[in-house]
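The primary structure of each chain is shown beneath.
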Amino acid sequence: MADDIILDIRNVTKTFPGVVALSDVSIQIHHGKIHGLCGENGAGKSTLMKILSGVYPYGSYKGTIFYENRELKLEDRAIRQAIEEGIAIVYQELTLVPSMTVGENIFLGKEPVENGVINWDKLYADTRQILEKYKLDVPPNAVVKTLGVGKMQMVEIAKALSENARILILDEPTSALSESEIDKLMEILETLKEHGVTCIYITHKLEEFFRITDSVTILRDGKTVATNPTSELNHETLVRHMVGREMKERFPKNSRKPGEVIFKVENLVATDPNEPSRKVLDGVNFDLRQGEILGIAGLMGSGRTELVTTIFGEYGNIISGTITMDNKTLNIKSAHDAMLHGISLVPEDRKGQGLVLMQPILRNISLANLDRFAGFFRIDQDAELAAANQQGKNLSIKAANLQDRVDSLSGGNQQKVVIAKWLLTNPQILIMDDPTRGVDVGAKFEIYKLMNELAENGVSIIMISSELEEVIGMSDRIMVMHNGRSGGVLETQGVTQEKIMAIATGIEA
Amino acid sequence: MNLSFELKKRFYDNIQTYTIILAMLAVWILFTILTNGFYLSPQNFSNLFRQMTVTSFLATGMVLVIVTGNIDLSVGKLAGFVSVVVAYFQANVWNTIFPGQPIVAAALSVGIGLLVGALFGVLQGYIISYMRVPAFIVTLGGMFVLRGGILIITQGKTIPANQPGFDQIAQGYLSPAVGWVAALLVVALLFLNMVRSRARKAQYGFEVSNLYMDILGTLFFSALVIVYVVVVNFYNGVQVPVLLLAVTAVIMAYVSNNTRFGRYAYAIGGNREAARLSGINIKRNIFLVFVLMGFLCGVAGIVLASYVGYGTVAAGEGYELDAIAACILGGTSTLGGQGTIFGAMIGGLIMASLTNGLQMLNVPAAYQYVVKGAVLILAVFADVYFKKNR
Ligand SMILES: Nc1ncnc2c1ncn2[C@@H]1O[C@H](COP(=O)(O)OP(=O)(O)OP(=O)(O)O)[C@@H](O)[C@H]1O
Ligand SMILES: [Mg+2]
Chain E
1 MADDIILDIR NVTKTFPGVV ALSDVSIQIH HGKIHGLCGE NGAGKSTLMK
51 ILSGVYPYGS YKGTIFYENR ELKLEDRAIR QAIEEGIAIV YQELTLVPSM
101 TVGENIFLGK EPVENGVINW DKLYADTRQI LEKYKLDVPP NAVVKTLGVG
151 KMQMVEIAKA LSENARILIL DEPTSALSES EIDKLMEILE TLKEHGVTCI
201 YITHKLEEFF RITDSVTILR DGKTVATNPT SELNHETLVR HMVGREMKER
251 FPKNSRKPGE VIFKVENLVA TDPNEPSRKV LDGVNFDLRQ GEILGIAGLM
301 GSGRTELVTT IFGEYGNIIS GTITMDNKTL NIKSAHDAML HGISLVPEDR
351 KGQGLVLMQP ILRNISLANL DRFAGFFRID QDAELAAANQ QGKNLSIKAA
401 NLQDRVDSLS GGNQQKVVIA KWLLTNPQIL IMDDPTRGVD VGAKFEIYKL
451 MNELAENGVS IIMISSELEE VIGMSDRIMV MHNGRSGGVL ETQGVTQEKI
501 MAIATGIEA
Chain D
1 MNLSFELKKR FYDNIQTYTI ILAMLAVWIL FTILTNGFYL SPQNFSNLFR
51 QMTVTSFLAT GMVLVIVTGN IDLSVGKLAG FVSVVVAYFQ ANVWNTIFPG
101 QPIVAAALSV GIGLLVGALF GVLQGYIISY MRVPAFIVTL GGMFVLRGGI
151 LIITQGKTIP ANQPGFDQIA QGYLSPAVGW VAALLVVALL FLNMVRSRAR
201 KAQYGFEVSN LYMDILGTLF FSALVIVYVV VVNFYNGVQV PVLLLAVTAV
251 IMAYVSNNTR FGRYAYAIGG NREAARLSGI NIKRNIFLVF VLMGFLCGVA
301 GIVLASYVGY GTVAAGEGYE LDAIAACILG GTSTLGGQGT IFGAMIGGLI
351 MASLTNGLQM LNVPAAYQYV VKGAVLILAV FADVYFKKNR
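Line by line, the protein sequences give chains E and D.
Per the numbering used here, residue 1 is the first one in the first sequence, and the count goes up by one each step.
Per the numbering used here, residue 1 is the first one in the second sequence, and the count goes up by one each step.
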């Protein structure tokens, strides 16, 4: 075995009841390099990483893994053992304790102890040090649930880094990050690489592979398709290996003509319900036409999510300003109200807000739509199943059976379930908060097509996205937010990423 | 789909149900051996099922309460309170207004019992969901209030409730012939349901499950019903309260799976935030769960009064614990979001089987509690263990 191979995965096969997640996978990972892992939703990427991190311990899979020229056998306290071996992982789904502070989370399970008592001063001092080292702008004593998903993701990364890792596994770390935070992460990875840390990097944002990785392995249906040095790959070959066919465009064409203005937000000012002195929205203005897709861009914390959840009646306390629909002023107090007005929201956090994880896929898809399947009393379960089947097909949800628990799906497929659920509600206005997070390129295209179709049928869509390319590729107009304010609404024709970033960062108004 | 694959899949999907059924059979076999077979004699078998009824009515409602992530500690005392109220009206009120009309009196008693139960449910439910006081506290308080209520009505004395007519509710039996008719009706319904569901599936173009598998399943349940009727017909016949319980359980199982109300309960317990964002009116739903729970306490209280034949100070003491235990034994998750009525009924049967068997062996009451507590913990441990080692 070559000396510079730190991790040698040989013929690994892993099955779940009814599913072969990995079949005979072999990958060699070189010391000190950044190795990309690429594949469609459900290809088996996360499963492989969970084997390396001890979630699926030795004996629950077939095949062998050599780590630093020894066979890696993570057995009894497998997860702890992996950490002690220097294998750290940032999971695809957040694993922080929401009610604890940033510091408590980072040191969870390894709190500095003095005479049997936790030394809180040291804990917070160390936390501050770690955060500063990686230039993460998060207060050490902030309670995690008060942070946005992006910040949580950074805390998650800091937590993994605090372990003195030899191998750092990142499973879609950027899916919830904005461009500037991604830049920051890339810098951190470069620094780690200089320090000799090996990294395995999973993402659906393919350009990141070209930006950061040294080589890329492509998985399809649980099998290794190819491993190539990144320099020998380009976007097209990557996509072809991944989905098994050619994909010319990233965004489907459309020929829609938006109609009259049906929805209008004027001078909206709102405060944080948990902290009434803090303004989260500070003068938002926009209108939405029938059959239009309006993109909302902006940095993390610029108030994008706060805006849509406030419109949906679930977040901010509105201080002033008006929301009108069909020339009538709306006074929406809850999600229930909003839905009665024909407004639906695909929420940002699939695990916390979108899904009932312990329930079957079917019930998750139908949950917001039971009214249409129910008479006065009885739910027509066959109609329910038929509709869910149709959605599953439209969005190519990769599931053995819709009766399986939704948490047995891969992350991207869970996201598709959330989208399926909300598409089924037949809204007049569909608000989507980062809808394609963690979804592979092929399925994204299908979702874009469905969105275009809806818009052509007169549905108005508001789409938040951290991916500027997506915003530009899909929207008719783009509203850029900065510090809780709407920095103007741009026609997508002729707009550039630079222009949007300038407004988002406050350089331009 | 091929038969053996489907069998396997059904087995894995329902492993929890099978574990608990096996546990129940184990309890039965053990007691049958210890009592030289008398345990499963038709008479004891018949009594065993009668004994499970009162707390099992409570358990049917408790499943939904726990599924939504709540708890109701007042159910035992509410059933007890209803039983003394009903006894009071039976003994002191109806015979002065409608002398010599036992059926009218019994019907009115049922009405009063259901009303009292439901009203108390409305009150508790309102405080819990609309005034946002935690269910644990509201129902703990409710328990004290009801204990006082029972003392006020009984004045510390025992009130008879064994009037003819009323006593039939918990002590009546169907004649063997009527029992047979009922059994055949159930079997016919089971088959009709199977055929209709297959037809509907085919109409929607779904993959229809294996015909033999469906027939086998339906035959199995039909056989259970028939064996049950054969055995109890050796004693007095099908017990009226068991029939009432069966009907209640079927309705509750249907409600929990096939209505919005039931589905929402599971979603609220599974992920409150996701449920809220799905436009579900959480307050109303939880309110209704407690109203339903109160109503079922009314049913349990009526059966209780008829069963013991009087209303007493101690009525319903500790029943909430049996009902909760039945749910937990039957696989209801204390964290909310998961649990079935069917499981809770088996859980209730296990609790009753233990009580009955231990009494038969003349085990002192003190040790009966010890055994029941240990079994509860053991059963949940076994469940955790099997799930982990799947
Ligand atoms: N606990 C589980 N039980 C059953 N099946 C599972 C379980 N976990 C994963 N699977 C299945 O294994 C396959 C691979 O899933 P995995 O999560 O590894 O995909 P992935 O490549 O990470 O996809 P994504 O890009 O969507 O994150 C999927 O078909 C998934 O449904
Ligand atoms: Mg994954």
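Careful, some of the hints might be misleading.
[Said to hold, decoys possible] Going by beta-carbon spacing under 10 Å, a handful of chain D positions derived as facing chain E: (1) LYS201; (2) THR218; (3) PHE220; (4) VAL255; (5) ASN281.
Source of the hints: derived by calculation from the structure; they are not laboratory data.
For every residue, glycine included, the Cβ atom is placed at its ideal position computed from N, Cα and C.
Worksheet item: Which of the stated hints cannot be reconciled with the structure, identified by number in ascending sequence?
Response: The structure breaks hints 2 and 3; every other hint is satisfied.
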